[in-house]
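Asks: Spelled out from the first residue to the last, the chains are:
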Amino acid sequence: MVTANQERFFFEHYGLTNHDLETYLTAALSAGGDYADLYFEYLTSTSLMVDESLVKSASQGISAGCGVRVISGERTGYAYTDDLSPKRILHAARTAALIASAPAKTTVAGFQQKPARSLYPVALPSVDADITAKVELLMRADRTARGYDPRIKEVRASYADELRTILVVGSDGTFAEDSQPLARLNVSCIAKTDASSGRGTSGGGGRVALDFFFGDKTPEFFAKESARQSILQLDAREAPVGEMEVVLGPGWPGVLLHEAVGHGLEADFNRKKTSAFAGLIGKRVASEKCTVVDNGTMPWRRGSLNVDDEGQPTQETVLIENGILKGYLSDKLSSKLMGLADTGNGRRESYEHIPMPRMTNTYMLAGQDDPGDIIRSVKNGIYAVNFGGGQVDITNGKFVFLASEAYLIENGQITAPIKGATLIGNGPDVLTRVSMVGNDLKLDEGVGTCGKDGQAVPVGVGIPTIKIDRLTVGGTGKRETGGFMQ
Amino acid sequence: MTTTLETSETKLATDLKQIATDVVSRAMKGGATAAECVVREGDEFSTVVRLGQVETLKESGSRAIGVRVFFGLRAASTYSSDFSAAGIERMLKSALELAKITSEDPYAGIPEAGNFGSLSGDLHLYHEDVYSLPGPERIEYARRAEKAALDADPRIKNSEGGSFDAATGRKVLANSHGFVGEYRRSYCSVAVVPIAQDENGGMQRDYWYSVARSLAKLDSAEQVGKEAARRTLRRLGARKVKTTHVPVVLDPMVASSMLEHIFEGVNGDSVYRGASFLAGKLGQKIAGANVNVVDDGTMPGGFGTTPFDGEGIPTRRTVVIENGILKSYLLNTYTAKKLGLETTANASRGLAGTPGIGPGNYFLEPGTKTPNQIIAEIKDGLYVTEFLGHGANLVTGDYSRGASGMWIVNGEPAYPVEEITVAGNLKDMFCNISEVGSDLEFRGSVASPTIRIDGLTIGGE
Numbered sequence: 000m001v002t003a004n005q006e007r008f009f010f011e012h013y014g015l016t017n018h019d020l021e022t023y024l025t026a027a028l029s030a031g032g033d034y035a036d037l038y039f040e041y042l043t044s045t046s047l048m049v050d051e052s053l054v055k056s057a058s059q060g061i062s063a064g065c066g067v068r069v070i071s072g073e074r075t076g077y078a079y080t081d082d083l084s085p086k087r088i089l090h091a092a093r094t095a096a097l098i099a100s101a102p103a104k105t106t107v108a109g110f111q112q113k114p115a116r117s118l119y120p121v122a123l124p125s126v127d128a129d130i131t132a133k134v135e136l137l138m139r140a141d142r143t144a145r146g147y148d149p150r151i152k153e154v155r156a157s158y159a160d161e162l163r164t165i166l167v168v169g170s171d172g173t174f175a176e177d178s179q180p181l182a183r184l185n186v187s188c189i190a191k192t193d194a195s196s197g198r199g200t201s202g203g204g205g206r207v208a209l210d211f212f213f214g215d216k217t218p219e220f221f222a223k224e225s226a227r228q229s230i231l232q233l234d235a236r237e238a239p240v241g242e243m244e245v246v247l248g249p250g251w252p253g254v255l256l257h258e259a260v261g262h263g264l265e266a267d268f269n270r271k272k273t274s275a276f277a278g279l280i281g282k283r284v285a286s287e288k289c290t291v292v293d294n295g296t297m298p299w300r301r302g303s304l305n306v307d308d309e310g311q312p313t314q315e316t317v318l319i320e321n322g323i324l325k326g327y328l329s330d331k332l333s334s335k336l337m338g339l340a341d342t343g344n345g346r347r348e349s350y351e352h353i354p355m356p357r358m359t360n361t362y363m364l365a366g367q368d369d370p371g372d373i374i375r376s377v378k379n380g381i382y383a384v385n386f387g388g389g390q391v392d393i394t395n396g397k398f399v400f401l402a403s404e405a406y407l408i409e410n411g412q413i414t415a416p417i418k419g420a421t422l423i424g425n426g427p428d429v430l431t432r433v434s435m436v437g438n439d440l441k442l443d444e445g446v447g448t449c450g451k452d453g454q455a456v457p458v459g460v461g462i463p464t465i466k467i468d469r470l471t472v473g474g475t476g477k478r479e480t481g482g483f484m485q
Numbered sequence: 000m001t002t003t004l005e006t007s008e009t010k011l012a013t014d015l016k017q018i019a020t021d022v023v024s025r026a027m028k029g030g031a032t033a034a035e036c037v038v039r040e041g042d043e044f045s046t047v048v049r050l051g052q053v054e055t056l057k058e059s060g061s062r063a064i065g066v067r068v069f070f071g072l073r074a075a076s077t078y079s080s081d082f083s084a085a086g087i088e089r090m091l092k093s094a095l096e097l098a099k100i101t102s103e104d105p106y107a108g109i110p111e112a113g114n115f116g117s118l119s120g121d122l123h124l125y126h127e128d129v130y131s132l133p134g135p136e137r138i139e140y141a142r143r144a145e146k147a148a149l150d151a152d153p154r155i156k157n158s159e160g161g162s163f164d165a166a167t168g169r170k171v172l173a174n175s176h177g178f179v180g181e182y183r184r185s186y187c188s189v190a191v192v193p194i195a196q197d198e199n200g201g202m203q204r205d206y207w208y209s210v211a212r213s214l215a216k217l218d219s220a221e222q223v224g225k226e227a228a229r230r231t232l233r234r235l236g237a238r239k240v241k242t243t244h245v246p247v248v249l250d251p252m253v254a255s256s257m258l259e260h261i262f263e264g265v266n267g268d269s270v271y272r273g274a275s276f277l278a279g280k281l282g283q284k285i286a287g288a289n290v291n292v293v294d295d296g297t298m299p300g301g302f303g304t305t306p307f308d309g310e311g312i313p314t315r316r317t318v319v320i321e322n323g324i325l326k327s328y329l330l331n332t333y334t335a336k337k338l339g340l341e342t343t344a345n346a347s348r349g350l351a352g353t354p355g356i357g358p359g360n361y362f363l364e365p366g367t368k369t370p371n372q373i374i375a376e377i378k379d380g381l382y383v384t385e386f387l388g389h390g391a392n393l394v395t396g397d398y399s400r401g402a403s404g405m406w407i408v409n410g411e412p413a414y415p416v417e418e419i420t421v422a423g424n425l426k427d428m429f430c431n432i433s434e435v436g437s438d439l440e441f442r443g444s445v446a447s448p449t450i451r452i453d454g455l456t457i458g459g460e
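Chains as they are written, first to last, in numbering that gives the first Met the number 0: chain A, 0 to 485; chain B, 0 to 460.
Hints listed in this document are in silico derivations from the structure and should not be mistaken for laboratory results.
Since we're looking at a predicted model, the values are computed, not measured.
Worth double-checking, as some hints may not be accurate.
Said to hold, decoys possible - Below, computed lysine-lysine pairings styled on DSSO-like, alpha-carbon distance capped at 30 Å:
1. B:K326 - A:K191
2. B:K92 - A:K272
3. A:K86 - B:K156
4. B:K378 - A:K477
5. B:K336 - A:K152
6. A:K335 - B:K239
7. B:K284 - A:K152
8. A:K152 - B:K99
9. B:K16 - A:K152
10. B:K146 - A:K152
11. A:K335 - B:K326
12. B:K92 - B:K16
13. A:K378 - B:K241
14. B:K225 - A:K271
15. A:K272 - B:K239
16. B:K92 - A:K191
17. B:K146 - A:K271
18. A:K451 - B:K216
19. B:K170 - A:K86
20. A:K271 - B:K156
21. B:K225 - A:K451
22. A:K152 - B:K426
23. B:K337 - A:K223
24. B:K239 - A:K271
25. B:K239 - A:K288
26. B:K225 - A:K216
27. B:K280 - A:K477
28. B:K336 - A:K191
29. B:K239 - A:K282
30. A:K191 - B:K216
31. B:K156 - A:K282
32. A:K477 - B:K284
33. A:K451 - B:K170
34. B:K16 - A:K86
35. B:K225 - A:K325
36. A:K477 - B:K156
37. B:K426 - A:K477
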């Protein structure tokens with residue numbers, strides 16, 4: 000069920016009727032495409048920033064539009080309009096229709112709305128909540144971060160939320176509505192001494208209402224975490240360089256899975272055989288301790304969706320089971336062309352964009368090992384607990400991710416913090432070197448955004464503590480100790 | 000026909016400048032002490048041809064409007080894609096409401112009257128010819144580019160496609176000091192992403208593209224396809240190397256990332272917050288004596304050229320680094336006031352929020368040596384053609400990124416390498432730019448010739 004007040008949103012606000020939808024789809028198939036769909040979107044958003052303890056920026060906006068897609072074989076025609084008048088939508092439909100060149104297909108099946116989940120049933124979407132309450136969250140974050148340590152010199156706290164209301168209708172009868180809230184709060188800090196400086200950043204959120212930030216994950220929580228990281232960096236040593244044992248802490252380090260295997264398992268790359276994972280279904284791509292899933296059905300999560308942007312309900316999809324590659328993440332086009340099930344991973348940034356297979360929440364299931372034992376098993380390596388972003392070349396499989404908070408492990412003991420360093424590896428074999436998997440699976444706090452082909456979508460990641468026997472760490476390897484001068 | 004349709008017909012005929020000035024005057028009537036409105040309108044065409052077949056065809060247009068209002072020293076902004084009278088009214092009303100919750104900031108405000116203006120004369124930013132090709136010929140451009148890559152070598156068996164894109168856009172800015180400016184820009188590009196496979200099944204991809212404001216200046220499909228093939232083929236059989244310290248040469252595509260790091264470091268927003276290690280370094284040596292960095296928003300036809308910046312100030316040429324000495328930060332009005340300086344007309348304005356800071360045509364001035372001469376002087380070194388990841392920290396200068404490219408042996412690129420890291424500290428790296436090549440070419444608003452940097456750590460096996 001969609002939230003009651005958003006049901007039939009486009010019918011109520013734009014006078015849309017079932018007959019209009021049939022007319023547009025008929026126009027879209029007027030040159031004989033195999034399939035057509037319409038994606039209506041109405042997005043409201045708010046963003047606020049507190050800098051130097053002042054509310055310096057506040058903005059709100061509305062954007063609405065409709066994208067028309069026509070599929071003919073492997074071809075896709077696409078057009079969109081930000082004007083929801085019948086004339087403009089028809090024009091977009093006829094433009095998208097030009098991808099095909101055959102006699103018109105006029106049969107448009109009757110629409111059927113499938114029962115959908117309600118993964119984020121917020122009573123009051125945060126975009127409609129009292130804005131002074133959001134400002135107060137940021138002022139609390141600012142005060143906490145500044146009060147954490149006198150060496151904290153700069154604090155920026157930002158808050159952003161949106162409510163995306165969508166309607167997807169397809170010539171196969173697809174009819175899906177959803178109302179998708181999204182909120183996040185971020186705090187970034189800069190710490191300074193005469194000799195050194197450091198930065199920290201922390202944040203969280205999800206498909207949640209404002210009350211989320213009054214539970215465990217308060218502004219104070221994120222402010223302290225950000226401040227702690229920036230202070231820690233003041234004394235960070237040069238990072239080591241070369242291949243070594245690497246232990247990843249639980250939670251956000253799951254970005255490893257997103258980069259190393261997730262993108263490579265998106266069906267479009269495998270259909271085109273441009274992924275290093277093409278043809279590896281049924282083969283071993285990870286140690287038997289590794290089971291990796293993509294799950295769009297987790298309540299309140301940033302990467303979750305009741306239905307994907309093609310109207311298909313999301314699901315839990317096993318990508319790797321006990322080390323064996325099991326499946327791909329697919330959308331309508333790839334599932335049809337590859338003869339696979341549609342896993343409900345067809346996503347798009349907005350009505351201006353063509354959907355494609357994307358991740359939702361991607362994580363590794365918990366194992367049996369005690370996290371303490373994992374650390375104690377390492378003679379000489381690093382323990383990485385926080386990461387910046389990552390990137391992957393899906394064709395040769397090489398991926399990177401940036402450790403922003405990491406420590407040396409010497410003889411089974413966590414010792415000194417180290418400066419930020421890039422970790423680089425090869426997607427199809429990095430997980431084969433996972434020798435221990437912790438019992439402490441954790442999901443990230445809800446700030447991830449994934450980019451592919453210029454389209455950004457919110458995602459989640461997660462992982463338990465794991466040990467990778469060999470991974471290249473890109474430090475400088477210099478021997479200076481903390482508080483050094485250059 | 001519905002009334003919505005009639006409204007939309009009328010609005011299409013209305014001058015965007017008129018809409019913008021109306022919004023400003025209505026904001027003032029609503030009690031604002033200053034206001035600024037931006038209107039953007041654009042259309043795009045894009046097609047991808049893969050293995051000779053059309054894969055996607057996209058064609059559309061859109062527009063949006065944003066307003067920023069001030070009540071004394073408080074500001075707020077709103078935007079909308081709804082140009083109906085009701086839509087604009089709603090946008091204005093929420094901006095005026097929102098301004099109540101922001102703080103008084105002594106440095107806030109639009110620029111002083113008397114500073115506004117627009118460069119005169121034709122800046123050659125708009126060429127109608129980007130849309131002059133009929134649809135089938137645009138597809139053909141992409142198809143020929145991909146074919147040139149596929150035909151270049153039997154090891155190129157697959158591709159992510161050839162593409163042809165064209166776009167035009169119009170931007171209007173108006174404010175309550177009476178400034179109204181407008182410009183149009185056009186753009187077209189052709190690109191190819193081939194995939195090569197070696198005898199062991201190992202795959203590599205790379206890309207090449209040409210981009211221009213006029214179709215007449217776009218490289219031929221064949222040139223682009225062949226270069227994409229050459230760049231892809233040279234990566235086949237790439238290997239890891241042992242951890243080492245050697246001279247590093249950055250090709251222009253990756254060298255421009257160094258310019259971006261300098262930009263982030265001299266960006267007034269980073270400077271006043273102390274988020275840059277270059278803060279407070281005006282007049283000091285921050286780079287090698289051969290390093291001269293310029294930002295010039297006035298170059299005719301440039302990708303970073305505009306007649307006025309995001310606040311309505313005429314663009315200009317600013318020397319950022321001269322012979323290694325930091326001469327100027329890059330600023331908008333707000334950050335200039337914070338630092339007690341004058342704006343450099345680098346304000347960039349999206350639809351919402353406060354203006355940021357963006358480059359004009361921002362580049363490293365070329366030296367005299369060709370890339371081949373620079374490589375020829377290196378016995379053992381790394382030639383980087385691609386970086387992966389974003390491991391530059393401008394607060395500390397710490398730098399660590401993934402890389403791939405060619406290993407240089409006795410002055411020649413000898414074999415491809417991958418899965419390695421390059422690490423150092425930007426404070427040293429800027430000073431250790433030991434060579435600057437002659438091959439400056441603009442493929443966007445930020446450009447660099449080939450450069451050599453010494454003293455970096457290469458991480459591998």
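Asks: Does each hint fit the structure? Answer for all of them.
Replies: Going through the hints against the structure:
Distance hint between K326 (chain B) and K191 (chain A) is fulfilled; the C-alpha atoms sit about 25 Å from each other, no more than 30 Å. Proximity of K92 (chain B) to K272 (chain A) is assessed by CA-CA distance (about 52 Å); at most 30 Å being required, the pair is judged violated. For the given pair, K86 (chain A) sits about 44 Å from K156 (chain B) by alpha-carbon distance, which is inconsistent with the 30 Å threshold. For the proposed pair K378 (chain B) and K477 (chain A), the alpha carbon gap of about 24 Å is at most 30 Å, so the pair holds.
Between K336 (chain B) and K152 (chain A), the direct Cα distance comes to roughly 20 Å. Compliance with the 30 Å bound is thereby established for this hinted pair. A hinted pair counts as satisfied when its Cα atoms are at most 30 Å apart, and K335 (chain A) with K239 (chain B) does not qualify at roughly 39 Å. Distance restraint check for K284 (chain B) and K152 (chain A): the Cα-Cα separation of roughly 26 Å lies within the 30 Å cut-off, and the hinted pair is therefore satisfied. For the given pair, K152 (chain A) sits about 28 Å from K99 (chain B) by alpha-carbon distance, which is consistent with the 30 Å threshold.
Restraint check: the Cα-Cα separation between K16 (chain B) and K152 (chain A) comes to about 43 Å, which exceeds 30 Å; the hinted pair is violated. Among the hinted pairs, K146 (chain B) with K152 (chain A) is inconsistent with the structure: their alpha-carbon atoms are about 56 Å apart, more than 30 Å. The suggested pairing of K335 (chain A) with K326 (chain B) is violated, with an alpha-carbon distance near 59 Å, which exceeds 30 Å. For a cut-off of 30 Å, the pair hint linking K92 (chain B) to K16 (chain B) stands: about 20 Å separates their Cα positions.
Restraint check for K378 (chain A) and K241 (chain B): the C-alpha separation of about 21 Å stays at or below 30 Å, so the hint holds. A hinted pair counts as satisfied when its Cα atoms are at most 30 Å apart, and K225 (chain B) with K271 (chain A) qualifies at roughly 22 Å. For the proposed pair K272 (chain A) and K239 (chain B), the alpha carbon gap of about 24 Å is at most 30 Å, so the pair holds. Proposed proximity of K92 (chain B) and K191 (chain A) is contradicted: the alpha carbons are some 42 Å apart, above 30 Å.
About 17 Å separates the Cα atoms of K146 (chain B) and K271 (chain A), which keeps this hinted pair within 30 Å; it holds. With a C-alpha separation of about 29 Å, the suggested pairing of K451 (chain A) with K216 (chain B) holds against the 30 Å cut-off. Among the hinted pairs, K170 (chain B) with K86 (chain A) is consistent with the structure: their alpha-carbon atoms are about 25 Å apart, no more than 30 Å. This hinted pair checks out: K271 (chain A) and K156 (chain B) have alpha carbons roughly 11 Å apart, not beyond 30 Å.
Note on K225 (chain B) and K451 (chain A): the hinted pairing holds, with a Cα-Cα distance of about 26 Å set against a maximum of 30 Å. Distance check on the hinted pair: K152 (chain A) and K426 (chain B) sit about 21 Å apart at the alpha-carbon level, within 30 Å; holds. Of the supplied pair hints, the one linking K337 (chain B) and K223 (chain A) holds, its CA atoms being roughly 28 Å apart against a limit of 30 Å. Restraint check: the Cα-Cα separation between K239 (chain B) and K271 (chain A) comes to about 27 Å, which is no more than 30 Å; the hinted pair holds.
Using a Cα cut-off of 30 Å, the hinted pair K239 (chain B) and K288 (chain A) holds, with the two alpha carbons roughly 27 Å apart. Under the criterion of a C-alpha separation no larger than 30 Å, the hint pairing K225 (chain B) with K216 (chain A) is inconsistent with the structure, at around 54 Å. Our distance criterion of 30 Å between C-alpha atoms is met by K280 (chain B) and K477 (chain A), whose separation comes to about 26 Å. At most 30 Å may separate the alpha-carbon atoms for a hinted pair to count; K336 (chain B) and K191 (chain A) meet this at roughly 24 Å.
Pair hint K239 (chain B) plus K282 (chain A) holds up; C-alpha atoms about 25 Å apart against a cutoff of 30 Å. A distance of roughly 49 Å separates the Cα atoms of K191 (chain A) and K216 (chain B); the hinted pair therefore is violated under the 30 Å criterion. Of the supplied pair hints, the one linking K156 (chain B) and K282 (chain A) holds, its CA atoms being roughly 24 Å apart against a limit of 30 Å. Only pairs whose Cα atoms come within 30 Å are accepted, and K477 (chain A) paired with K284 (chain B) is accepted, the gap being roughly 24 Å.
With a C-alpha separation of about 27 Å, the suggested pair K451 (chain A) and K170 (chain B) falls inside the 30 Å cut-off, and the hint holds. For the given pair, K16 (chain B) sits about 25 Å from K86 (chain A) by alpha-carbon distance, which is consistent with the 30 Å threshold. Restraint check for K225 (chain B) and K325 (chain A): not satisfied, since their Cα atoms lie roughly 38 Å apart, outside the 30 Å limit. Between the alpha carbons of K477 (chain A) and K156 (chain B) the distance comes to roughly 44 Å, so the proposed pair goes past 30 Å and is violated.
Among the hinted pairs, K426 (chain B) with K477 (chain A) is consistent with the structure: their alpha-carbon atoms are about 15 Å apart, no more than 30 Å.
The structure does not agree with the numbered hints 2, 3, 6, 9, 10, 11, 16, 26, 30, 35 and 36 stated previously, though it agrees with the rest.
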